[in-house]
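Chemist: Sequence:
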Amino acid sequence: MTVMPIPYEASGRTQQKLRTRQALVEATRELLAQGATPKVEDAAEHAGISRTTAYRYFPNQRLLLLAAQPQLEPKTLLDADAPTEPMARLDAFMTAFTQYNFDWEPQLRAALRLSLEPDAEKPLLRRGRAIGWIEDALAPLRDSHPHLDIGQLAVAIRSATGIETLVWLLDIAQLSHSRAAKTVRGTAQALLAAALDRPATGQPSR
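Those letters in the sequence shown? Residues 1 to 206, by full-length UniProt numbering.
Calculated from the structure, these hints are not laboratory results. Remember, predicted model here, so these are calculated numbers, not experimental data. Check the hints yourself; a few may be wrong.
Simulated restraints, written as ranges between beta carbons of each label pair [as the list claims (entries may be wrong)]:
| no. | residue 1 | residue 2 | range |
| --- | --- | --- | --- |
| 1 | 190 | 30 | 33 to 39 Å |
| 2 | 30 | 151 | 24 to 30 Å |
| 3 | 22 | 146 | 42 to 48 Å |
| 4 | 63 | 85 | 41 to 47 Å |
| 5 | 88 | 50 | 52 to 58 Å |
| 6 | 179 | 84 | 26 to 32 Å |
| 7 | 26 | 112 | 48 to 54 Å |
| 8 | 45 | 139 | 44 to 50 Å |
| 9 | 18 | 143 | 42 to 48 Å |
| 10 | 115 | 140 | 30 to 36 Å |
| 11 | 103 | 143 | 28 to 34 Å |
| 12 | 155 | 48 | 40 to 46 Å |
| 13 | 79 | 22 | 26 to 32 Å |
No more than 20 Å apart at the CA atoms, straight line, and that leaves these computed lysine to aspartate or glutamate pairs for EDC-like [as the list claims (entries may be wrong)]:
| no. | residue 1 | residue 2 |
| --- | --- | --- |
| 14 | 75 | 136 |
| 15 | 39 | 105 |
| 16 | 17 | 41 |
| 17 | 39 | 26 |
| 18 | 39 | 117 |
| 19 | 75 | 103 |
| 20 | 182 | 171 |
| 21 | 17 | 45 |
| 22 | 182 | 117 |
| 23 | 17 | 42 |
| 24 | 75 | 135 |
Ideal placement from N, C-alpha and C gives every residue a C-beta, glycine not left out.
Could you build the full structure based on these sequences and the hints that come with them?
Modeler: Encoded structure:
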């Protein structure tokens, strides 16, 4: 029988330990927002916590940065009164999805950067979450277009509109955040239009 180790913060003085852990996470998020990719010792110094203590919570940088990623994972990014017309619904989703990526941009950039390192064990960016959100946005098509592969379309939209694409648009194409958002919204609509075999408008709906 294999005995799983108990996390350091889960034993003895748990409330104090949880506060210490949260302080390290918040320090990491602040450093990420400043453009740094902090190591455990950087977060410890910023939080006023000893390195020895910090390493008890986060033995390595990867675990620290993973903890700094967004923790809330709603089943949908759409409001209950979101439109049901496919183009309008997808555009409403893309507005929310792009804002989500911008809100968490420093953390997502750090995760993406580490995921691209040659010795990375596995991507830090969580797989599947955004695909589920997009499938939810495309849900009305299951009735109106039953033969359309919603999963494949969701993957195509995610590949062309996620944080990776936004980073390229911001850093390489040097677009503003508003223009980058408009671009990915237009791309999503073009992909949906192609899947529905209808002419794309060329502009996201407002």
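Chemist: Measuring from beta carbon to beta carbon, are residue 88 and residue 50 in 52 to 58 Å?
Modeler: Check passed, 53 Å falls within 52 to 58 Å.
Chemist: Verify the CB-CB distance for residue 79 and residue 22 against the hinted window 26 to 32 Å.
Modeler: holds, 29 Å
Chemist: Just to be sure I understand the hint, the distance between the Cβ atoms of residue 22 and residue 146 should be within 42 to 48 Å; is that true here?
Modeler: holds, 47 Å
Chemist: Verify the CB-CB distance for residue 155 and residue 48 against the hinted window 40 to 46 Å.
Modeler: This hint holds: roughly 44 Å between Cβ atoms.
Chemist: Take the C-beta atom of residue 63 and the C-beta atom of residue 85, compute their distance, and say whether it sits inside 41 to 47 Å.
Modeler: holds, 44 Å
Chemist: Does residue 117 lie within 20 Å of residue 182 when you go C-alpha to C-alpha?
Modeler: violated, 30 Å
Chemist: Has the hinted range 30 to 36 Å been met by the Cβ atoms of residue 115 and residue 140?
Modeler: holds, 33 Å
Chemist: Does residue 182 pair with residue 171 here, judged by a C-alpha cut-off of 20 Å?
Modeler: With a Cα-Cα distance of about 16 Å, the restraint between residue 182 and residue 171 holds, given a limit of 20 Å.
Chemist: Can you confirm whether the C-alpha distance between residue 75 and residue 136 stays at or below 20 Å?
Modeler: holds, 8 Å
Chemist: Holds or violated: residue 39 and residue 105, Cα atoms, limit 20 Å.
Modeler: holds, 18 Å
Chemist: Could one say that the CB atoms of residue 103 and residue 143 fall in the range 28 to 34 Å?
Modeler: Given range 28 to 34 Å: holds, Cβ gap about 32 Å.
Chemist: A range of 42 to 48 Å was offered for this pair. Does it hold for the Cβ distance of residue 18 and residue 143?
Modeler: Because 46 Å falls inside the window, the suggested range holds.
Against the hints set out earlier in the document, violations occur for numbers 2, 7 and 22.
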